[in-house]
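Engineer: Here is how the chains run, residue by residue.
2 protein chains.
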Amino acid sequence: MADVSIRDVAAHAGVSVSTVSNALNRPETVSRRAIGRVLTAIDELGYVPNVAARQLRAGRSNSFGLAVINITNPFFSEVTLGAEEAAEKDGYSILVGNSYDSLDRQNRHLELFELQRVDGVLIAPLEDQPESIERFRNRGVPVVLVDRRDRTGNFSSVWLDDAEGGRLAVNHLVQGGARHVAFMGGPLTVRQMSDRLDGARAAAEAAGVRLTEFGTDTLNPGLGRELGERIVRMPESERPDAIFAANDVLALGVLQSLIGGGLRIPDDIAIIGYDDIEFAAAAIVPLSSVHQPAYDMGAKAAELLMRQLAEPDERFSAQFEPVLTIRASTRS
Amino acid sequence: MADVSIRDVAAHAGVSVSTVSNALNRPETVSRRAIGRVLTAIDELGYVPNVAARQLRAGRSNSFGLAVINITNPFFSEVTLGAEEAAEKDGYSILVGNSYDSLDRQNRHLELFELQRVDGVLIAPLEDQPESIERFRNRGVPVVLVDRRDRTGNFSSVWLDDAEGGRLAVNHLVQGGARHVAFMGGPLTVRQMSDRLDGARAAAEAAGVRLTEFGTDTLNPGLGRELGERIVRMPESERPDAIFAANDVLALGVLQSLIGGGLRIPDDIAIIGYDDIEFAAAAIVPLSSVHQPAYDMGAKAAELLMRQLAEPDERFSAQFEPVLTIRASTRS
DNA sequence: CATAGTGACTGAAACGTTTTACCTAAAACG
DNA sequence: CGTTTTAGGTAAAACGTTTCAGTCACTATG
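Sequences listed follow chains A and B, in order.
To convert a position in the first sequence, counted from 1, into this note's numbering, add 13.
To convert a position in the second sequence, counted from 1, into this note's numbering, add 13.
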């Protein structure tokens with residue numbers, strides 16, 4: 014049951030090695046009869062091509078690397094699914110590297126992609142201009158920024174105007190009567206976060222509304238819960254009457270604390286998240302959120318990568334629109 | 014900026030190709046001087062070894078495949094992290110295939126692993142005896158079942174007695190005064206689910222307590238929320254006074270509906286989950302749960318795989334203990 | 001009937017490593 | 001001083017593919 018190679022198949026089918034290869038890769042150049050024999054030989058021997066050899070010869074791996082900030086966040090796992098399915102259509106497979114919010118791990122995954130000679134890289138980067146990305150550019154490996162706008166002209170990108178998203182969120186809160194909005198999220202080294210904050214600031218200023226910032230190092234429900242408790246403990250006079258959480262995972266934690274602390278949503282305090290993950294609609298008080306088309310963004314990113322592969326000198330970008338999704342956690 | 018090969022490094026360093034290879038892989042056989050020159054050459058040229066070539070020559074890929082049921086579930090993403098870090102210590106990297114609860118996708122990922130010639134497979138299988146696993150066994154590629162006991166003697170495995178976990182959960186509910194327990198979870202084709210149910214049944218029977226089963230096709234918060242609403246709508250006489258949800262992700266959805274429906278936890282109805290994910294402690298009512306040491310299980314699985322690689326004829330198994338973690342959602 | 005063209009097939013080179021077997025010079029030994 | 005050992009280095013084969021440049025037997029063309 015050792016490895017069976019193309020040579021074994023050739024022998025068993027009574028044809029040459031090249032014919033086996035051709036039967037598999039350019040069947041139009043091979044007679045029906047030969048194809049048939051090759052196919053049954055493959056079947057009988059249980060032949061599986063060796064991608065390492067193919068890749069070595071071809072100089073291409075037919076795979077992409079996707080580095081993702083934190084796949085536990087359903088937003089990113091949707092992005093991943095979209096990218097995988099789009100890539101698969103064109104015969105590419107995707108190596109997923111989950112950074113778990115750690116820059117270190119992100120870099121390690123990028124190194125791995127380099128070793129594997131992936132044909133392209135999709136990355137939702139943890140910091141603004143990781144030099145590790147440059148390495149790919151220098152090697153001529155196309156890179157697509159996912160969920161992040163390229164400002165250098167060096168990369169293709171799939172993005173969504175997060176500042177606009179921040180504005181939408183805060184405007185909506187203001188329309189619902191908010192006078193004092195809390196922004197929660199971070200770290201601000203992640204561009205999405207700072208953009209959402211910028212948008213929130215702009216909207217708050219335009220409306221003449223107070224904005225208090227609660228910076229965080231990362232985004233998870235536990236942290237949200239802590240922040241929520243801080244809000245609950247605040248004297249009523251100081252307490253914001255609305256919260257914009259930079260992501261749903263955080264928002265859900267906050268929401269739980271607020272309710273646990275006896276605050277009524279949205280009457281005492283309104284809350285809106287970002288991403289519109291499935292969990293948001295299912296929350297105790299269904300969570301308003303700024304929707305991002307995660308699956309489509311992932312799929313589009315893979316498509317742009319393949320397009321850039323075809324036209325190496327071009328850069329492509331696709332902008333998606335944030336859409337307000339109003340549920341019970343805010344007044345409309 | 015085209016690809017630079019070991020040949021270029023050799024020329025640049027003024028040594029032979031073999032010396033470069035030796036400097037990298039068995040430095041003890043090469044003089045310090047030569048090593049130095051090779052290293053600087055590598056640095057100056059930006060050489061990155063080609064794994065495809067290395068793999069082709071070596072016949073091994075130095076990588077494992079890990080097929081996981083649904084990585085959005087923090088339990089599995091912890092398992093993945095554990096496996097990745099354990100494997101990395103020994104120079105292996107891990108290809109992660111997320112099945113998103115789909116058998117089809119799981120099989121596609123397994124095929125990919127086969128093409129890539131992974132040196133071993135870690136799998137949290139979606140069904141009991143996928144024939145796709147057999148293929149690896151036939152090829153002599155070691156397979157470790159993750160979060161699932163092997164009953165055939167063919168595979169190494171890392172597991173936890175889920176029946177015992179189910180018993181623990183229901184016993185705990187009963188001790189808290191429950192007379193009518195609801196079990197929620199599925200599908201029962203996934204062994205973990207049926208084992209948890211079996212344990213629950215046994216405990217309920219032993220205690221003379223009624224057990225109602227709510228079968229599901231999958232486990233997500235939205236589904237939990239639906240089930241919770243069904244509970245809320247039940248006439249009080251029919252309504253269970255305790256719930257055992259087969260996993261925390263489901264439990265959290267259920268919990269939200271219960272609270273939204275005005276039931277008091279745990280007075281009107283107690284609820285316990287399974288996995289003890291981080292989110293559980295942070296829930297609106299902190300969720301009691303059956304703890305599984307996810308990270309350790311992942312790490313152990315990778316270790317067993319490497320051990321089986323060293324001793325191909327042996328099979329190893331590691332059993333972990335489910336531990337009751339009591340929080341506010343149940344009476345103690 | 002000679003030539004060109006075509007369809008089906010094949011041998012061999014090449015991809016970038018690692019490793020085996022071999023070589024040489026210097027050191028150690030008696 | 002002659003022989004053996006050792007340290008350091010190298011050429012070449014091999015891993016399993018794909019593809020280029022032929023080869024060969026027909027068929028179509030004039």
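If you are wondering where the hints come from, they were derived from the structure by calculation, not from laboratory data.
Please read all numbers here as calculations on a predicted model, not as lab measurements.
Careful: at least some of the hints might be erroneous.
In this list, chains with the same sequence are indistinguishable; a pair is considered to hold if it fits within one copy or across any two.
[What the hints assert, rightly or not] Dumping the calculated SDA-like pairs for lysine to any residue here, alpha-carbon to alpha-carbon at most 25 angstroms: (1) K102 x P87; (2) K102 x R118; (3) K102 x L236; (4) K102 x R46; (5) K102 x E327; (6) K102 x A220; (7) K102 x Y113; (8) K102 x G274; (9) K102 x D254; (10) K102 x R121; (11) K102 x P40; (12) K102 x E127; (13) K102 x T229; (14) K102 x P299; (15) K102 x L125.
Engineer: Please go over all the hints and tell whether each is borne out by the structure.
Structural biologist: Now for the hints, and whether the structure bears them out:
no.: 1; hint: K102 x P87; result: within (23 angstroms within a copy, 29 angstroms between copies)
no.: 2; hint: K102 x R118; result: between (29 angstroms within a copy, 14 angstroms between copies)
no.: 3; hint: K102 x L236; result: neither (39 angstroms within a copy, 31 angstroms between copies)
no.: 4; hint: K102 x R46; result: neither (29 angstroms within a copy, 51 angstroms between copies)
no.: 5; hint: K102 x E327; result: within (22 angstroms within a copy, 40 angstroms between copies)
no.: 6; hint: K102 x A220; result: neither (47 angstroms within a copy, 54 angstroms between copies)
no.: 7; hint: K102 x Y113; result: between (28 angstroms within a copy, 18 angstroms between copies)
no.: 8; hint: K102 x G274; result: neither (49 angstroms within a copy, 45 angstroms between copies)
no.: 9; hint: K102 x D254; result: neither (48 angstroms within a copy, 50 angstroms between copies)
no.: 10; hint: K102 x R121; result: between (28 angstroms within a copy, 13 angstroms between copies)
no.: 11; hint: K102 x P40; result: within (20 angstroms within a copy, 44 angstroms between copies)
no.: 12; hint: K102 x E127; result: both (23 angstroms within a copy, 19 angstroms between copies)
no.: 13; hint: K102 x T229; result: neither (39 angstroms within a copy, 31 angstroms between copies)
no.: 14; hint: K102 x P299; result: neither (36 angstroms within a copy, 44 angstroms between copies)
no.: 15; hint: K102 x L125; result: both (24 angstroms within a copy, 14 angstroms between copies)
Consistency note: the structure conflicts with the earlier hints numbered 3, 4, 6, 8, 9, 13, 14.
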